[in-house]
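With the hints as your guide, set chain R onto chain Z.
One line per chain: the protein sequences are Z and R, in this order. Start counting the first sequence at 12; every next residue gets the next number (the working numbering). Start counting the second sequence at 89; every next residue gets the next number (the working numbering).
Calculated directly from the structure, the hints in this document are not laboratory data. No experiment lies behind these values; they were computed from the predicted model shown. Cβ coordinates follow ideal geometry from the N, Cα and C atoms, glycine included. Check before you lean on any hint, since a few could be wrong.
Just so you have them, the derived chain Z footprint on chain R, three or more residues with Cβ under 8 Å [as the list claims (entries may be wrong)]:
#1 101-112
#2 139-153
A few chain R positions that, by computed beta-carbon distances, are all more than 12 Å from chain Z [as the list claims (entries may be wrong)]:
#3 Phe121
#4 Gln157
#5 Asp159
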Amino acid sequence: MPSVTLFAASRAPLISMGRLDVLIIAIYFAVVLGIGFYLKKYVSTGDDFFMAGRKMTAWIAGLSFISANLSSLETMGWSAMAYQYGMLGAHAYWSGAVPAILFLAIVMMPFYYICRTHSVPGYLKLRFGTSTSALAGISFAMLTVLVSGASMFAMAKILHLLLGWNMDVSIWVASLTVAIYVSLGGLVSAVFNEVLQYFLIWFGSLLIPVLGLIDAGGWAGMVEKIQRNVPIVHPTVGDANFTSLWQNLGSFDANPMGIDWFGIIFGLGLAVGFGYWCTDFLQVQRVIVAKDLRSAQNGTIIGAVLKMLVPIIVTLPGLLGLAVLLQPDGSPMVLVSEADPRANITHHTYNDVVPLLMGKYLGPGLLGLGITAMIAGFMSGMAGNASAFATVWTYDVYRLLIRRNASDQHYLWMGRWCALLGIMMSVGTAYALFYFSNILEFLLVLIFFFIVPLFGVVILGMLWKRATPTGAFVGFLSAIIASMAMWAFVHTFPDGHRPAPSVAVDPGAVVRIEKTGEGDDEIVRGVTVEKGTVRTVNVPIEANGSIRNSLDETLSEAHRLPADLVVENGRTSRVRVLAPSVVLADTNQPDKFGLEGVPVELAPGVRLVASNVVQSFNPAEFNAAHVKYIARSEKAKPMAVNVYSAAWTLLICVTVLVGVSLFTEPKPESELRDLVIGLTPIPDDGPCPWYKHPWLWATLVMIALVIVNWIFW
Amino acid sequence: MPNEEQVPIWFFIGGILVVYGVLILGSGIFELFNPPPPEARVALYDLHADLWWGAFMTAFGAFYCVRFQPDRGARFGGSAGGTTEATEP
Numbered sequence: 012m013p014s015v016t017l018f019a020a021s022r023a024p025l026i027s028m029g030r031l032d033v034l035i036i037a038i039y040f041a042v043v044l045g046i047g048f049y050l051k052k053y054v055s056t057g058d059d060f061f062m063a064g065r066k067m068t069a070w071i072a073g074l075s076f077i078s079a080n081l082s083s084l085e086t087m088g089w090s091a092m093a094y095q096y097g098m099l100g101a102h103a104y105w106s107g108a109v110p111a112i113l114f115l116a117i118v119m120m121p122f123y124y125i126c127r128t129h130s131v132p133g134y135l136k137l138r139f140g141t142s143t144s145a146l147a148g149i150s151f152a153m154l155t156v157l158v159s160g161a162s163m164f165a166m167a168k169i170l171h172l173l174l175g176w177n178m179d180v181s182i183w184v185a186s187l188t189v190a191i192y193v194s195l196g197g198l199v200s201a202v203f204n205e206v207l208q209y210f211l212i213w214f215g216s217l218l219i220p221v222l223g224l225i226d227a228g229g230w231a232g233m234v235e236k237i238q239r240n241v242p243i244v245h246p247t248v249g250d251a252n253f254t255s256l257w258q259n260l261g262s263f264d265a266n267p268m269g270i271d272w273f274g275i276i277f278g279l280g281l282a283v284g285f286g287y288w289c290t291d292f293l294q295v296q297r298v299i300v301a302k303d304l305r306s307a308q309n310g311t312i313i314g315a316v317l318k319m320l321v322p323i324i325v326t327l328p329g330l331l332g333l334a335v336l337l338q339p340d341g342s343p344m345v346l347v348s349e350a351d352p353r354a355n356i357t358h359h360t361y362n363d364v365v366p367l368l369m370g371k372y373l374g375p376g377l378l379g380l381g382i383t384a385m386i387a388g389f390m391s392g393m394a395g396n397a398s399a400f401a402t403v404w405t406y407d408v409y410r411l412l413i414r415r416n417a418s419d420q421h422y423l424w425m426g427r428w429c430a431l432l433g434i435m436m437s438v439g440t441a442y443a444l445f446y447f448s449n450i451l452e453f454l455l456v457l458i459f460f461f462i463v464p465l466f467g468v469v470i471l472g473m474l475w476k477r478a479t480p481t482g483a484f485v486g487f488l489s490a491i492i493a494s495m496a497m498w499a500f501v502h503t504f505p506d507g508h509r510p511a512p513s514v515a516v517d518p519g520a521v522v523r524i525e526k527t528g529e530g531d532d533e534i535v536r537g538v539t540v541e542k543g544t545v546r547t548v549n550v551p552i553e554a555n556g557s558i559r560n561s562l563d564e565t566l567s568e569a570h571r572l573p574a575d576l577v578v579e580n581g582r583t584s585r586v587r588v589l590a591p592s593v594v595l596a597d598t599n600q601p602d603k604f605g606l607e608g609v610p611v612e613l614a615p616g617v618r619l620v621a622s623n624v625v626q627s628f629n630p631a632e633f634n635a636a637h638v639k640y641i642a643r644s645e646k647a648k649p650m651a652v653n654v655y656s657a658a659w660t661l662l663i664c665v666t667v668l669v670g671v672s673l674f675t676e677p678k679p680e681s682e683l684r685d686l687v688i689g690l691t692p693i694p695d696d697g698p699c700p701w702y703k704h705p706w707l708w709a710t711l712v713m714i715a716l717v718i719v720n721w722i723f724w
Numbered sequence: 089m090p091n092e093e094q095v096p097i098w099f100f101i102g103g104i105l106v107v108y109g110v111l112i113l114g115s116g117i118f119e120l121f122n123p124p125p126p127e128a129r130v131a132l133y134d135l136h137a138d139l140w141w142g143a144f145m146t147a148f149g150a151f152y153c154v155r156f157q158p159d160r161g162a163r164f165g166g167s168a169g170g171t172t173e174a175t176e177p
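Isolated chain R (complex conformation):
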C-alpha cells in the first residue's frame, strides 16, 4: 500500500465537522433573528443549542483541520495506517 501523499483521516473529520458546524451555527443565527412561531419551536428552544453546538463543532473541526493538514507530514499512517506519534489525536 503506498504511503505517500495520503490525506490523514483526522483532516477529513475536521473538514466535515467544520462544514456541519458552520451550517448549524448559521441556522442558529438565522433563527435568532427570525424566531419560529411558538408552536413550531422545539423543547428548550430558549437555550439556542444550535448556536453553541454549531460553534463548538466549528472550533473542534477547525482545530483538527489545522493540526492534521496534509502538508504537515501526516501520512496515511495518520489516517488508516501507520503513523508518527505527532499525528495521533
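Chain Z extracted, bound-state conformation:
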C-alpha cells in the first residue's frame, strides 16, 4: 500500500541565536527607549504630542509614512503572499500602493493640509458633521487597537516558533517599550523611531534577497527553479504562471490567485490601494504634520519612491522561498497556510518563508540584525497604531462627544494616557487571540472593508460639493454592512460543508509507527495507537456490524481506521493523520508527525471520539458556488475574493452616497471652504524652483512605475 509521509517539522526552534545576536537586539531596545526619554522634554503641548509640532521635513515625513506601514505583519504577510501567489504579490506595491500614494500627494493632500485637521475623522467632522465623523472615529479607534493587538500576537507567536521565546515575555517587553516611548514623546517619538526602524529594516532584510539571488543563480536561475518546484509546492495551481506581473492576468486559470486584470486594477489598485493609502489615518497622519504643504506633498512622493522599492525585501524573498528552500533530500520544501491543520505541526507556514531564509543565509551578528529588523517592524506598526489611537480617541471621540472645552494640557494628559491605554487594550486583544487565533485573519478582512467605504466618503466629500451629510452617513454605513454581508456570503454553505476526513491523535498518546526502507526511501506503512485518545472527523466507524458517524467510547477490541474514503461525487480522499505531540512506544521519546493515506490501528483501551461534522458557515472555507458571484470565478483564491469584495464595496458606497445626496439638503458653500475642490484656494508656499515641484516628481515616479511594470510584465 502506498503511503505519503508529510514533512515533519523539527521540534527545536527554527533559528538559534548566539550572544552577539542577543546583544544586537538589546542595543536596539536600549536605543528606542533612550530616544523616548530624550524627546520627552521637547513635547509640551497637544500639538507637539499629536502633530509633532507640524514641523517635519519632506524626508522625515516620507520615511515615517512608509516605515509606519512596514510592520512585520506587512513584510512577512506579503512575503507569504509572494510565496503563495508568486509575482502577483508585487501588485500590492506597484498597482495597489504607488498610484494611490501619488494621488494622495497631488489631489488629496491639499485638503487634508489646508483644513488643518488632526485626523481623517476630523476632516469628516468639518465636511459632513458629527455623525459620520463619530462613526469613523469610534470604528477607527477600536480597529486600531485590534490591529495593534493582532500585530503583537503575531510577533509573539513568530518569536516563539522561531526562537523558542516565551510569548508572554515577548508581548510585555515589546508593548511596554512602545508604550514608554510613545507616551513620553507622542508622535515625535513614534516618527523618530520609525525613521530609525526604516534603516534597520532595510539593513537587516536586504542581505536575504542578495544572497538568495546569488544562490539561485540570478534572476533567470530563480525563475527556472520556481517553474520546476511549483507543481510540487502548489499542486492545485501547478500550471499557473508564478513569475509574471501582467501577462498571466488574461484569464482566471493562468495565475495562482484566480484573478484577472479587472480585479487587480479596480479591486486592488483602486478600492483597496486608494482606500488604504489615502484614508487610513495611521498613514495620513505621518504626512499631514509636515512643516508646509509642499513638504507634505513631496514627503508623500518620497514615500511612493520608497514604496516602489519595498518588493526587493518583501516580494523577492517570497519568490526565493519557492526556488531555494529545499528539504535535506533536495526536494522542494512545502509550506502551508496558517489555516491548514498541518500548520506548525508537520509543516512550516507561508509566514515562515523569511525566517527560514534568514536561518539559511545569516550567520552570527547578521542573524541578530535580521531579527532586530523583524522586531523593529513589529514595533513601528504597534507605535503607529498607538499614536493614531491616542489622536483619534482624544480629538475625534473624547473632545467631540465627552469633553469639548478642556485646556490643551488636559488633552495632552489624555493623549499620554490614551497611548498607554491603547497599548494595554492591544495586549488584551493579543491574549484574546491565544484562544481565537483565526480572528487575526478575519480581523484583517474587516479592516480591509472598513477603510474602503471610508475612502468612498472622503473622496466624494473632497471632489463633489453636492455630497450631503445624510448621504455620507448612509453611504458609509450601508457599504460597511454590504462588505460584511459579502464576507458572510462567501463563507456560507446552504447545502452543508463537510470538512475533509481526518484523524487527530491527542497529546500524550503512545504510538508505534511501522516503516519500511531506510533514509530517503523510508515509507510509513501504518500507525498503531496503543494508548490515549483519538478523535476523528467525518470518518465512518464500523461498530457491531453497523456504520456509525459519531461515537465516544473506550474500545474493547482493536479497530482499524481506513487510509482512504470515498467522499462527494465518487471522489476518493486520503484520510489525514495529525499527531502534534505523542510518545513513541519503541523509544519512549516524544515525537510529532503528519501522514496521509496510512491506516491507523487502534489498540483495545484507546478512547475513540468520532464526529460527523457538517457546517453551514465556516469562516476559514470559501464556498466556490458563492465565490463566483463576488469574484467572477469559482477558482478565485481568498486574496482575489477580498479585492473583488473591496471593489463592490466602493461601488456600493459611491452609489448610495450619490443617490441619497441627490434627495437631501447639501451644506451651504460658505461652510465648505477649504474642504471641497473648487472652494479651496491652494496656499502660496513661496517661490519654488522647478526641481522641487511636486508635479514634476510625481510625473517622474509614474514614468518609473510604468517602466518597472513593463520590465516584469
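Leaving out everything else, chain R in the frame of chain Z:
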C-alpha cells in the same frame, strides 16, 4: 516645541549603524580566523557576507555621524521637525 540643541535623527541612525557594523565586522573577522565546523556553517558561508556587510554598515553609519553631527548646525528640524536644506540626507 523647543528647537534648540536637538540631536538630529540622522546622527542617531549613523550611531546605531556604526555600532552594529563594527560588531558584525568583528564577528566576521573572528570567523575568518576561527571558522565554524562545516555542518554549522550557513549557506554561502564562503562569501563572508558578515565581513562586507559589516564594513558597509560601518562606513554608511560613519558618514551619517560625521555629516549630521550635532554641532554642525543640524537641529531638531533635521531630526523630526523643520530643518535647513543642508541637514537632509
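Each hint tested on the structure:
| no. | hint | verdict |
| --- | --- | --- |
| 1 | 101-112 | holds (count 7) |
| 2 | 139-153 | holds (count 3) |
| 3 | Phe121 | 14 Å, holds |
| 4 | Gln157 | 16 Å, holds |
| 5 | Asp159 | 17 Å, holds |
Violation of the numbered hints given earlier is absent; every hint is satisfied by the structure.
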